[in-house]
Amino acid sequence: MLKYSDLKQLLKKHQLRVTDCRLDVLSLFQASEHALTSRFLEHELTAYDRVTLYRTLNSFIESGLLHKIPDDSGMARYGVCDHHCDSEEHRHDHLHFKCDACGHVDCLSSYHVPKVQIPGFLIKEANMILNGLCQSCNS
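Here the sequence shown is numbered in UniProt numbering, starting from 1 and rising by one per residue.
Once the Cα atoms are required to be at most 27 Å apart in a straight line, the calculated DSSO-like pairs of lysine-lysine come out as: (1) Lys68 <-> Lys115; (2) Lys68 <-> Lys12; (3) Lys8 <-> Lys68; (4) Lys13 <-> Lys68; (5) Lys68 <-> Lys3; (6) Lys68 <-> Lys124; (7) Lys3 <-> Lys13.
These are calculated hints, taken from the structure and not from any lab test.
Taking the hints into account, I'd like the entire structure generated from these sequences.
The following block contains the structure:
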């Protein structure tokens with residue numbers, strides 16, 4: 001878990017203004033092992049309204065701090081980007097895993113989406129979510 005001063009440095013590194021909301025949101029993401037939903041943030045950070053939280057999430061995505069994870073539930077999930085992401089280079093070609101029992105979504109950064117080429121199509125982005133039981137629920 002990062003210290004308060006480290007969180008401030010991370011925001012500055014990504015050219016974001018340091019605000020209480022941004023520090024609080026970033027702190028929750030840094031403390032979590034799983035992807036988080038906006039609903040979770042709203043529940044945990046009641047001092048901020050929904051619009052402020054969405055703007056914060058969008059600024060984090062644009063600056064390369066977070067990436068949006070597609071989900072079949074209709075609820076957006078967000079994961080922490082690797083250290084190499086920024087506003088210029090922001091790619092996430094890794095797999096995601098969603099547990100059928102607990103519902104957690106995890107980034108599997110060591111496993112990459114296979115490259116696919118389809119004649120006549122220009123693929124700009126590929127996402128892959130694996131479903132099953134996580135290590136905790138499977139034991």
